[in-house]
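Got chain A; can you put chains B and C on it based on the hints?
So the sequence lines, in the order shown, correspond to chains A, B and C. Each step along the first sequence adds one to the number in the numbering used here, with nothing skipped, and position 6 is 6. Each step along the second sequence adds one to the number in the numbering used here, with nothing skipped, and position 39 is 226. Each step along the third sequence adds one to the number in the numbering used here, with nothing skipped, and position 82 is 371.
There is no bait here: all hints are sound.
If the Cβ cut is set under 7 Å, some of the chain C residues that face chain A in the computed set are: (1) 412; (2) 416; (3) 417; (4) 419; (5) 420; (6) 424; (7) 434; (8) 480.
For the record, the hints were derived by calculation from the structure and aren't laboratory data. We put the beta carbon where it would ideally sit given N, CA and C, even for glycine.
The residues making up each chain are set out below.
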Amino acid sequence: MNPGLNAALNSGMAPVATPWFFYALAGMAVVSALLVITLRNAVHAALALIVTLLSVASLYLMLYAPFVTGVQIVVYAGGIMVLFLFVIMLVNIERSSKEHRFNRIWPAGLAAACALLALFVSAFVKGKALFADRGMPLPESSNTQQIATMLYGEAGRMGQYTFAFEIASLLLLVAILGAVIMTKKKI
Amino acid sequence: MVPITTLHYLVVAAALFVLGVIGVLIRRNVVIVLMSIELILNAVNLNLVAFSRMWGNLHGQVFAIFIIVDAAAEAAVGLGILIAFFRNKETVNVDEIDLLKW
Amino acid sequence: MPNFIMSYLGSTVTPGEAGNQFWALIYVLIIFAGVSVAVIAMNWIERKALAHFQVRLGPMRVGPHGLLQPIADAVKLMLKEDIIPAEADQFVFWVAPLIGLLAAFTVYTVIPFGPSQAVSDMNIGILFMLGVSSLGVLGVVVAGWASNSHYPLIGALRSSAQMVSYEVAMGLAVVSAILMTSMNASGTGTLSMIGIVQAQQQQGVWFIFKFFPLGLLALVIFAIAMIAETNRAPFDLAEAESELTAGYHTEYSGLRWSLFMLSEYAAMIAVSSIAVTLWLGGWMRPFPNLLHAPAWDFIFSLFPGLTFLGLAAIAFIGTARMPSHSFFKIQCIGLAVFAALLGFIALLLLVAAVAGRSADTSLAARFNEGIGYVYWFVLKVAVFMYLFIWYRATWPRYRFDQLMKIGWKVMLPISLGVLVLTAIVGVIAS
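Isolated chain A (complex conformation):
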């Protein structure tokens, strides 16, 4: 029925109590995402976003992607959220906690999002057969090694994504320069 899952079970890689963990983590992610968009206080919303990010990291771990889990925790939860909290503290004014949470055009936004949700639901209902497993899942223990081969190359060849990796580092350099220059008081 599910060749990937059967292969995983046969190779002894099936994790423990998978469905329960999945439902718990997915529920936690969706509930805290709901809290992010509805809480009035920005710091509370940031804390809810941290819970969401950590739940999504655990979902990556369930998908046998340990390196992406590590990168998510280090970069997203440990770096970007600290940045958000700093900025919230810098721009936190008392007025914003007493205003309305939602902006002037909120019915239109909600309608658009509901249309998008309907689109997703119809895609999932109609295309359920498309999402069966198609390949053998790769072993988890060499995950980092294989990602490194794709990113850096091996044995004198460039990897598939080496060029994109270098461009990404240029992107980060541009972002650093941009952020520093924009926040200077006198350029």
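The following block gives chains B and C in isolation, referenced to the frame of chain A:
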């Protein structure tokens, strides 16, 4: 219980995506709009990693790593813009950021 | 259910790998208890060592030589009134110490005390540790903001800026150690903590001595960065009492403040364990490859018992030197009981060492081996802990701008240079 398939992960990712879109379109505080954008990017990442597992290769995971790098750069620049704007107008209200209107 | 318990005894993998949740839970409880005891002992050692560095005696009254002082402190903190500032955000005020505590204790999931004595040897162990210790910054930031007061906010922002800056240098030093694990025949390294120690065992050298002085420089950078990460002297501007009235934990009193102290000491022990695992050979005894004969194994397995015998001897000498006044009778008896306890533990360990030297798979031999691994690991971590206290006693505090300048302009270039040189030397040497 029914075993967890790729479709389960796609449904979770779609839910996160829709919640992020609602957050971007509805909220008044710019910082929370930026946080909703991070939600959208996470939903896309979850989608990619789920498909990487479905196909059995690592292209999805590598692309997810690039998206995380991209999100970091975008959060830094977006918050820089916000701080620069806050210095001028002392507000983080989306409805009041309308200096370019005619 | 007994199958669950019995099936793990005698296995050579961690509970995480064996899929055995019961033993994983037991390991977690043992680690939690051990770290709590270590924090209490660390509190006493810090006060006594600082005092002796400053030519005074430290706590002497509460128990014999102040041995019960940490317990008195803990009881006092638990009985104090729980004051919450009026305008503070209640939920965030409550959750902030918990974030720091969770971040500090979750690191212990991947720390190996032996070749299979870890809760779970994740194959991204070191990346997990870097990520989780960067979650501790969130606890600091949120604690400062939730107090709704100037000094805590400034202290929290300074403290978190410092932690984030030194995380970069720490990460690069860790990467150069990971690079050294791939200098083997197959050219593949590993991120798992047990794998790193096994790589040191295979290559026959602790990474601190590999490609001398590059390994040593990497350890020095990591050591400096970990002092800044845990907000200890000389980088403790954010929480020093004379500067910002205790910084981000000013408004916390009683049990909440003790949670901050617990998370700080636990983080200290955790990053020291990381340094020991990466550079100092983890649980391995000195010279495991060079001096491999059973006689040398036996000599080195006597060390735990001899250490406790030495401690018992010191306690006995302390008892003998107590003043013979009637007021000191209870303290004298208490210290004698403590010395007897230490002596009893020493006797137990020596008997186990002697009994376990002949057979290879008997219970005594495996117990002996396990004690040996834990002992050498704890000894190396204890050296780092003592260094923390020594730095606090000896060096003056850095000003905040000097601190940030060192983090970005000195540590980052040096760690980048060490990484590049390690890679170059590694390629040349292979």
